[in-house]
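*Asks:* Chain by chain, the residues run as shown.
2 protein chains.
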Amino acid sequence: MEREDAAIVDARERLFVTYELTGPQDPYQRARQIAVEQTAELPEDCFGPEIDRRVVGRLEDLERLDRHRHRVVVSYPAALAAGELPQLLIVLFGNLSMYGDLAIVDVGWPEELLDDLPGPSLGIEGLRELLPATRDRPLLCSALKPVGLDVEALAELCLRLARGGADLIKDDQGLGNQAWAPFEARVVACADAIERARRETGTHSLYLPHLTGPVETLESRLRLLRELGIAGALVAPFVTGLDAMRSLARESGLLLLAHPAASGWYWHGNPRIAPEVILGDVLRLAGADGVIFPNPGARFPFNERDASTLVDRLRRPGGALRRAFPVPGGGLQLDTLDFWRERYGPDTIFLVGGSLFQQGEVEDATRRLMERLGREK
Amino acid sequence: MEREDAAIVDARERLFVTYELTGPQDPYQRARQIAVEQTAELPEDCFGPEIDRRVVGRLEDLERLDRHRHRVVVSYPAALAAGELPQLLIVLFGNLSMYGDLAIVDVGWPEELLDDLPGPSLGIEGLRELLPATRDRPLLCSALKPVGLDVEALAELCLRLARGGADLIKDDQGLGNQAWAPFEARVVACADAIERARRETGTHSLYLPHLTGPVETLESRLRLLRELGIAGALVAPFVTGLDAMRSLARESGLLLLAHPAASGWYWHGNPRIAPEVILGDVLRLAGADGVIFPNPGARFPFNERDASTLVDRLRRPGGALRRAFPVPGGGLQLDTLDFWRERYGPDTIFLVGGSLFQQGEVEDATRRLMERLGREK
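Note that the protein sequences, when read in sequence, are chains W and Y. For the first sequence, the working numbering assigns the number 1 to the initial residue and increments by one for each residue that follows. For the second sequence, the working numbering assigns the number 1 to the initial residue and increments by one for each residue that follows.
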């Protein structure tokens, strides 16, 4: 049970999944039920010892937490996923998600799988190379919002944020291809604003348009990003699909900031997959260079333990797997920034939207905030 | 509040979302919080009346269920989605999924959106045309499993099911591209088995290979299916992405059976989106011709009310939107089949794997089951 603090790579060729089981049912019986459900998915009398040996999960550990709570580790052959992320997810939580009373609290990832899932194309070090002036300070990301603004207003906001020196400026995940601000016109105008700010003030911001499908548009939207020299994008992987993000990371080489929209179903309530697993390890394996999460004490219920563990997971050593930026957001208040900066350290991107806009004129407010974060004057 | 029983099409240009809110907080305040969270996503002092009018959700109805439970209807402009499924999902449940204590219990879909989301490419009527001999009886789908069998064993099982007359034979969702049964070899061998059974016994089964990414493989896998004359596929949309399924339905014209793997996060626990919305309306809008769900009384906890409502939703009138087959499965026991057949009626696909294999020799067992379902002898 030392995996919790170990490196992300588990040297073995098996996937180790730790479950927390609640209820009066015999935990050995339940562990076997899980091990079969996620593999053979047949009554015990419908398969023989060879299938059992080849694919069915194996009970590796069982720990009694209290009378009706057990922690159980079941391992699965990595060969079940055969290097494909969708099959990995099916083994990890496909049918289990339908059981209702179960938590996946940890996963040890086999090296064999990691070879096929290269993860972030840039990671922390790659983004630092794109923005060398950030050196070892935290970064600021702000957002173009609200949805409903037209192209001109969004580009004007982008210009002000860029002139103020925001490191990253992302589209709101609400921005799609709305009639009043179509994708292409918006992206062209915002890229232009970034360039204009660079010429006028010497600031170097990265603009991240929102690139969450539809599938048929991805090729032409990617082409546009390339033509404009845009280096990154915002993706909502729980909307567009984790495998779509993985593929985008691999094919495009863009810096990908993962938005947690539609992820709450996974990590809230029961059944549940621990946020550090689904927003941490899984998003990192699926190619996120940075992972936005709801910071504790802001708009969404997310506790400090979950936040700290998630942050550690994104940045822990992973062999060839690049480290990813934690991106606390979700209504982060500026008056708590020093606390969180101390807590999370420099390899952090603070996502600040509303509470920045509340400080008055955006360019000045951004400049003041960047100075607080330690930007060279 | 008549939407519950009305047709799927809501004539207006707005999306009507019904929430159930639990807790002591003022329901008007919470409704406003939701309406802003899913749209402007900014503090109230950061946007003006024009944004409010253009994009922010509107409270349409509020009903007190008991002291601390309210049913609230908020409407959103369909223009926010701009015809794109990913943006629709972001408006519908992106950030809200992270709130924790909330249920989405119903949605009224605007006609404007339905024009852009054509839904199933075949639907109930289209599948009946592919299998005219099924006329007005329920269909049988069985599964090639367990994962771990090699190509030869899977093809042999496919042959027996096809000779027995199973209408549909799907890959298990666990079948990917495993070394012992690679995708291409498996699909070629199973398609061949189907053809052999047709020649030998005159049975006409449809084979549905599992087509859940990875993204990069889809084109070549689709090409293989086309070359082999395969008319349908199994997809796990909550793994591969709902938009990926929509695109597949549109581009390929394949009959798509949607597997509920990884959907339990949505409809179990709290937060929650009602199964008839997420497995019903949403999967139908996203192009599923049939939706597999865990039948009550089998392996997964799924109640009869949810099952009946889901079945109705898949088959209710929808204007140009084709009706989809409900596919009860998840460990359906053969001794309950008559009950469910009576309950669900003829436009149903019964998914029977394990309990069929438990009846002894598969070909004979399949033949007997098909006779029970009313196949012409």
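Read the hints as simulated data drawn from the structure, not as lab findings. Every residue, glycine too, gets a C-beta built ideally from N, C-alpha and C. Some clues are possibly wrong.
Said to hold, decoys possible - Which stretches of chain W does chain Y cover? Using the computed rule of at least three CB atoms under 8 Å from a CB of chain Y, they are: (1) 126-136; (2) 143-149; (3) 201-214; (4) 218-227; (5) 265-271; (6) 303-317; (7) 340-348.
Stated by the list, open to error - Label pairs and their in silico Cβ distance ranges: (8) W:Gln333 - Y:Glu13: 43 to 49 Å; (9) W:Arg58 - Y:Asn270: 42 to 48 Å; (10) W:Gly360 - Y:Arg64: 40 to 46 Å.
As the list claims (entries may be wrong) - Under 7 Å between C-beta atoms, here's a sample of chain Y residues computed to sit facing chain W: (11) Gly23; (12) Glu84; (13) Gln87; (14) Gly100; (15) Ala103; (16) Gln173; (17) Gly176; (18) Thr240; (19) His268; (20) Pro294; (21) Phe339; (22) Gln359; (23) Gly360; (24) Leu373.
*Asks:* So which of the earlier hints does this model not fit?
*Replies:* Hints 1, 4, 6, 7, 8, 9, 11, 15, 21, 22, 23 and 24 not satisfied by this model.
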